[in-house]
Amino acid sequence: MMLRLALANLTRRAARTALTTAGVAVASSMLLNMVMLGSGMRESFRGFLEQQPYQLRLAPRGTMPFDSEATIGGAGELIARITADPDVVSVAPVLGGKLFVERGDSVVAGFALGIDPTKQADYIIAEGRDLVAPDETVWNGAMLEATGLGVGDSVRGAAGYDPQLRRFTGARTLVIVGRGRFVMLSGGERATAVQLRTLQAMGGPDRADRISVALVAVREGAKAEAVAARIEASEPRMSAISTEAALKFVDERLGYFRQLAFILASVSLAVGFLLVTTLVTVSVNERIGEFAVLRAIGVARWRIVAQVMAEGVALSVVGSILGLGLGLITAQWLNGILAAFPGLPTAFEFFRFEPSAAFRSLGMLVICGILAGIWPAWRAASLPIAKTLREEAVA
Amino acid sequence: MSADRRLLALLAALVLVPTVGAAQASRRTIAIDARLAARAGLAVGDRVVIAPIAGTPGDTVTIAAITERSADPSEVARSEFRARLHLDHLQTLTGASDRVGRFAIATADSPGALDSAVAQINGLAFGFKAYRASEVAIETSATFRVVNRFHRAIGVITIVASAIFLLCITLLKVDERRRDVGALRLLGVSRSTIVRAVVLEASFVSLIGSAMGVAFGYLASAIVNWYYQGVYSTPLKFAIVTPAIVLFATTLSLALGVLAGLLAAQRLVRRPPLELVGR
Amino acid sequence: MTTGAGLVLSARDVRRDYPVVGTPVHAVRGITLDIATGEYVAIVGPSGCGKSTLLNLLGAIDRPTAGSITIAGRDVAQLSDAEATRFRLTGIGFVFQRFYLMPTLTAAENIELPMSEAKMPRAEREARARELLRYVGLEGRAGHRPYQLSGGEQQRVAIARALANKPALLLADEPTGELDARTGAEMIEMFARLNADGTTLVVVTHDEDLAHAAKRRVHMRDGEIVDDSGRVA
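Protein chains in written order, with my numbering: chain A, 19 to 413; chain B, 55 to 333; chain C, 43 to 275.
These aren't lab readings, by the way, just hints derived from the structure by calculation. Note that CB positions come from ideal geometry on N, CA and C, so glycine has one too. One or more of the hints may lead you astray.
[Claimed, not checked] The calculated lysine-lysine pairs, modelled on DSS-like cross-linking and capped at a C-alpha distance of 30 Å, are: (1) K405/A to K266/A; (2) K208/C to K257/C; (3) K116/A to K266/A; (4) K183/B to K116/A; (5) K208/C to K161/C; (6) K116/A to K137/A; (7) K241/A to K208/C; (8) K405/A to K161/C; (9) K405/A to K227/B; (10) K266/A to K227/B; (11) K241/A to K266/A; (12) K137/A to K266/A.
[Said to hold, decoys possible] Computed Cβ-Cβ distance ranges for the label pairs, DEER-style: (13) T161/B to G222/A: 32 to 42 Å; (14) V300/B to E243/A: 50 to 60 Å; (15) N279/B to V169/A: 44 to 54 Å; (16) I213/B to E173/C: 51 to 61 Å; (17) G185/C to T305/B: 48 to 58 Å; (18) D142/B to V150/A: 46 to 56 Å; (19) A102/A to S188/B: 50 to 60 Å; (20) M266/B to A26/A: 34 to 44 Å.
One chain only, chain A, in its complex shape (with noise of 0.2 Å):
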């Protein structure tokens, strides 16, 4: 009975009652948000790095991978002496360079990748097929684009480029096999592969037997932070970063988007605190007349709480439940602006959706619903009944 009077009391003032709720679901939505933006950086790396096999990425020391353009020599002989760890199954090698293109009175320029394609995981094939041959190269769509071929085209590429002479260094015909999306690289950014080998020989002898990185599978039960620590051990030149370390450099790049996070999810939360407190608030004073009547005819105090307790709740519930898809579309329109960033691989997502994400946020509202309600919820059970009946009356 009293749960009923709690609804009949929120469908009362209708126009009230869906004005805050549209509050409570707008702060949920922002709060929605907040909470996606704070794990989902952190979770959607970790998800794109978990679903390569490769557990470690060697990159030379004190640089993260490609965040330099600085090599390593000896690679032959670096991967061997790895290989050679009773933990490590595979080393892919991995060596970054440039690809330039004359197409008419321009040069089109991409990321190359020089790779063993039996060990790469940078691409994915979307048309085509991956590399056999030597002469052979996968482009992304953005370089395709960018100079007008196809897949079976076969193109002029160099290694190096000198604007002021125009002059190409390292030139060779390549024959253009397949299509790939680039896992690690940024929608716009033009890219293409070619086998390790071409592209050592493309750079000349100041690129002979040089990568830029090495992605390392560990044996299923070992310990790939206890792998990491031995290479950098023995290999001097070398930083060995495990998932988790990558994952606290992304952490540490993109710290101000979880701080952004944790300040507007605080926000929302008391705005929606405040929200659900004032209405209730000036729902009970309208009503104390009624409430010091449900005293005098002899209904329980903690049963007048939990009516307006329920009041407060049930606004956080519905609010939070439409906040859920509000927040939903505004993450994938936030999504959207931060895909934009300079270098961010296409797999990256900054907005995640996770139920427990959606859980928290919820719980945290409807907590809030519930201690918004307390204080004038105690208010209109506390009410001296004689004083207030005849105050009521009075008005």
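The hints should help you fit chains B and C onto chain A, whose structure is shown.
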């Protein structure tokens, strides 16, 4: 190896080995950034060896200066260390001979001088393009443009949310006084007087709220700048409250407050006075 | 303490003072009053004489400053808040001048409210609500909300609500105060019928007709009983 790549290799693989009392130390000097100095424990006057590739022979030089980061957005969050050498020294060290990566050009301070210089250089230089400093700034601040758009989106959401909150609370508070309004109407006070009174009150609240909001905004931006300048070791200002922003925010909040008051008041005066007093 | 034989209410030297800056207000000054089972008592007096305050004390809505009030064997002046609440639910029925029905509940639901609070099973309380609506002549209005009922009809629903948990005593504070003369007359008839059916009634009223309809009139002035006439022996 191109001059650019050698330079970058130098920066990435700078080997700094303090040497004391080296018999034939070079008289050349370099400047290093403050972060590098702190990390390697170096100070002005220290002698170090620099080389383009780790493990190869290099030059012994003296640290003549320690530089701070500039207020450049592209520098923020970058973790590499920086060293500055005399041009001829770097060219010799890296074998780049008479090559440079770029020129920086100061033009005469007269109208049209900049445009004229750009046109001339682009017409003459083969394989080079002249960029205005503003174009470079735009290009290097691409990250911040994205962040800016993100902030605007958050701003839009906040404004929409605030408008709903404001309307909701104004409606509640005005509705709370319906008996008073009913009594006034029964006494003969006109609808328009009631509406004017409510709107006036809402305007005062908006103005006071705006003033408090502006003060809070200044304080918050000072805290944000202090914090992030410390985190990223940069003099860059991350948040600035300009007169235009203050004017926009105040105007918007006043407009929203007046609108909320108007809507709430109209809702109230539409109802018969007897209904308002509860009869 | 128990109420004497045949007595449902026994008040002894009851006082109620309100602390006000300067001189305290003595709303009720040492009232002693016995009411027997089945009596119909009207408490009358000028405005401000303390009759409503006395009724609130008798109904355990307010607590006396001094004295004892025993109803159905319990000293309500000594009850804790929770006990007094429970007592009001099951021991007393209260009818207010302004009806005070819940505007969001139907007539039937308003009557069921105290029974629901007393944990009566749903079927039983619905049946009793129908029975009470029949008794007060409103069986066709069970689903109507208060705003759909006239003043007299609302007051009848309020009476039915007061009777829901079969209280030992029914207290009414100016029950005809908000009603027109014709409806007031109907209400007077209703109270007479209630009393004839065995309900012990105490009404506070300015209404002369209602006062005369009662079998006993207690006159108050300045917080004291000045006359207690028409007492049934």
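Can the restraint linking K405/A and K161/C be considered satisfied, given a maximum Cα separation of 30 Å? Holds, because 28 Å separates the two Cα atoms, which is no more than 30 Å.
Take the C-alpha atoms of K116/A and K137/A, compute the straight-line distance between them, and say whether it is at most 30 Å. With a Cα-Cα distance of about 21 Å, the restraint between K116/A and K137/A holds, given a limit of 30 Å.
When you check the alpha-carbon spacing of K137/A and K266/A, does it fall within 30 Å? Roughly 26 Å separates the two Cα atoms, so the pair holds.
Given the proposed pairing of K208/C with K161/C, does the C-alpha separation stay at or below 30 Å? Given that 30 Å is the threshold and the Cα spacing comes to 14 Å, the pair holds.
For the pair we were handed, K183/B and K116/A, check the Cα-Cα distance against 30 Å. With Cα atoms ~20 Å apart, K183/B and K116/A stay inside 30 Å; holds.
Quick check on a hinted range of 50 to 60 Å for A102/A and S188/B, using CB atoms only. The hinted range 50 to 60 Å holds for A102/A and S188/B, with Cβ atoms some 55 Å apart.
Whether the CB-CB distance between M266/B and A26/A falls inside 34 to 44 Å: 38 Å, holds
Can you tell me whether the CB distance of V300/B to E243/A sits inside 50 to 60 Å? This hint holds: roughly 52 Å between Cβ atoms.
Taking 30 Å as the top limit, are the C-alpha atoms of K405/A and K227/B close enough? 24 Å, holds
Could you tell me whether the CB distance from N279/B to V169/A stays inside 44 to 54 Å? Because 51 Å falls inside the window, the suggested range holds.
Using the beta carbons of T161/B and G222/A, state whether their distance is inside 32 to 42 Å or not. 39 Å, holds
Between I213/B and E173/C, is the Cβ distance one that fits in 51 to 61 Å? 59 Å Cβ-Cβ, so the 51 to 61 Å window holds.
Comparing the model with each earlier hint shows violations of hints 1, 7 and 10; every other hint is respected.
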